[in-house]
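Spelled out from the first residue to the last, the chains are:
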Amino acid sequence: MSEFHLYMAQRLSALVMAPFVLVHIGVMIYAIQGGLSAAEILGRTQGSVFWFAFYGMFVVAVSIHAAIGLRTILGEWAGLRGGARDVVAAVIGLGLMALGAQAVWAVTS
Amino acid sequence: MKVARAHPLWLAYLLHRLSGLGLALFLPVHFWVLSFALNDAAKLDAFLTLTEMPLVKMAEFGLVFLLAVHLFGGLRLLALEWLPWSAPQKTWAAAAVAGSFLVSTTFLLQAI
Amino acid sequence: MPERDHLTVTVQRGGPDAPMRPQTFEVPAYDNQTVLDVVSWIQQNADPTLTYRFACRVGMCGSCAMMVNGVPRWTCRTHVSKVLDGNAIEVGPLRNLPVIKDLAADMDPFFDKWVAAEGRHHPTRSRDEEIAPIDPIAAERQEANAGIECINCSVCYSACDTVAGNPDYLGPAALQRAWTLYNDAKDADRDAILDAVSAKGGCHSCHSMGSCTAYCPNELDPLSAIAGLKRATAKRFFGGRK
Numbered sequence: 351m352s353e354f355h356l357y358m359a360q361r362l363s364a365l366v367m368a369p370f371v372l373v374h375i376g377v378m379i380y381a382i383q384g385g386l387s388a389a390e391i392l393g394r395t396q397g398s399v400f401w402f403a404f405y406g407m408f409v410v411a412v413s414i415h416a417a418i419g420l421r422t423i424l425g426e427w428a429g430l431r432g433g434a435r436d437v438v439a440a441v442i443g444l445g446l447m448a449l450g451a452q453a454v455w456a457v458t459s
Numbered sequence: 066m067k068v069a070r071a072h073p074l075w076l077a078y079l080l081h082r083l084s085g086l087g088l089a090l091f092l093p094v095h096f097w098v099l100s101f102a103l104n105d106a107a108k109l110d111a112f113l114t115l116t117e118m119p120l121v122k123m124a125e126f127g128l129v130f131l132l133a134v135h136l137f138g139g140l141r142l143l144a145l146e147w148l149p150w151s152a153p154q155k156t157w158a159a160a161a162v163a164g165s166f167l168v169s170t171t172f173l174l175q176a177i
Numbered sequence: 002m003p004e005r006d007h008l009t010v011t012v013q014r015g016g017p018d019a020p021m022r023p024q025t026f027e028v029p030a031y032d033n034q035t036v037l038d039v040v041s042w043i044q045q046n047a048d049p050t051l052t053y054r055f056a057c058r059v060g061m062c063g064s065c066a067m068m069v070n071g072v073p074r075w076t077c078r079t080h081v082s083k084v085l086d087g088n089a090i091e092v093g094p095l096r097n098l099p100v101i102k103d104l105a106a107d108m109d110p111f112f113d114k115w116v117a118a119e120g121r122h123h124p125t126r127s128r129d130e131e132i133a134p135i136d137p138i139a140a141e142r143q144e145a146n147a148g149i150e151c152i153n154c155s156v157c158y159s160a161c162d163t164v165a166g167n168p169d170y171l172g173p174a175a176l177q178r179a180w181t182l183y184n185d186a187k188d189a190d191r192d193a194i195l196d197a198v199s200a201k202g203g204c205h206s207c208h209s210m211g212s213c214t215a216y217c218p219n220e221l222d223p224l225s226a227i228a229g230l231k232r233a234t235a236k237r238f239f240g241g242r243k
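Chains as they are written, first to last, in my numbering: chain W, 351 to 459; chain C, 66 to 177; chain Z, 2 to 243.
Simulated from the structure, these hints should not be mistaken for laboratory data. For every residue, glycine included, the Cβ atom is placed at its ideal position computed from N, Cα and C.
One-sided excerpt, in silico: chain Z residues whose CB lies under 8 Å from chain C:
(1) Met68
(2) Asn70
(3) Gly71
(4) Val72
(5) Glu91
(6) Arg96
(7) His208
(8) Ser209
(9) Ala228
(10) Lys231
Cut-off 25 Å, straight-line C-alpha distance, at most; resulting in silico cross-link-like pairs (PhoX-like, lysine-lysine):
(11) Z:Lys201 x Z:Lys236
(12) Z:Lys236 x Z:Lys187
(13) C:Lys122 x C:Lys108
(14) Z:Lys83 x C:Lys67
(15) Z:Lys102 x C:Lys67
(16) C:Lys155 x Z:Lys236
Chain W regions said to be covered by chain C (calculated; three or more residues, Cβ under 8 Å):
(17) 359 to 366
(18) 378 to 385
(19) 415 to 428
Make the full structure from the sequences, and use the hints.
Spelled out as structure tokens, the structure:
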């Protein structure tokens, strides 16, 4: 992955997420009316192919986006360079994807 | 020597970076809490009752703010980089998006 | 008449062999006085060992830029009255560059990156052929014209926090130069330019914080030039030509 490909991945994942984030904020505002409960969340999401696909794609995009963003911050603000920085960023990306997949499975299965 | 740099675009850059950093740090916690639902819905509920506390409510407001600010800051960047628009066009576009978002969110809050 | 007859001028002294330390001078105040005048007064009347650089004194050569009260500026065309903080000015060498001595920064990295950004002409014709006519109102030409008045003063390079955090970053001036060549009808190798600015430390490292455009003394807009390069490389990625 060159710096240019990371740039494109960062921008394309952002484009994918823009509508997701708008829906996410909308659902949050809707869902907190009258308090949050596990039953309410699960009632909306469990067994729903739509929410599985929505959150699934969201998790993949955000893992890529956050890992590339943190890689930049590690370089500019923490002085981490070269292969070490790439390894850390890859671990962050894969870790987020694993945690996210677990969460999506938990609320939609 | 102290470096002077607090002009609007630089502040927008800093806000975008800090909101992104904040969201990235929050994300693992968010995923971890949701994964409780898989084997222990009661544990998730116990966690969700925390959201009634004023302090947690403030933190939630902060997170939604970070998300919104990162979204619009990001759309601003995409427009700046990829759309060959003039500066005033971009300002108007950003104002239009922010305005319509405000109106529709207010509508949503009223409607439910 | 100035309110007081003296200015308090703090100058950063030092270099690779001695750590930087501030030294303060009292300099006579005049109605019309540039920061370069003040620095020259110190060197001519108070301390002849003060090192600084200038040449044309009229904002053409780009050699006298320094940090003035935390902002990189062309000192020959910066009036003291515009930058005075109370009755004081602090002058230092340009940021983001090695210091040769006192106020003279080493410009080598700045010009090396100019070359690394493929900031050189790739001819379309030889000297034996006729000169190609240029349409001055073509959109492409307008885009190139917007950036060619750069005087290589390194103010933008010094103002940029991305340069400060990322030593590989080519910086605003070099990338703007690449953008003007990319839009030059007489340049024969645009792909080489896009390759150079897509490499490590190229235009994609820029975070659009805009300090380059905010502080450019010639009121150029490197921020938009870099955005143009990002757009051109993204277009090429999707298979489009300009």
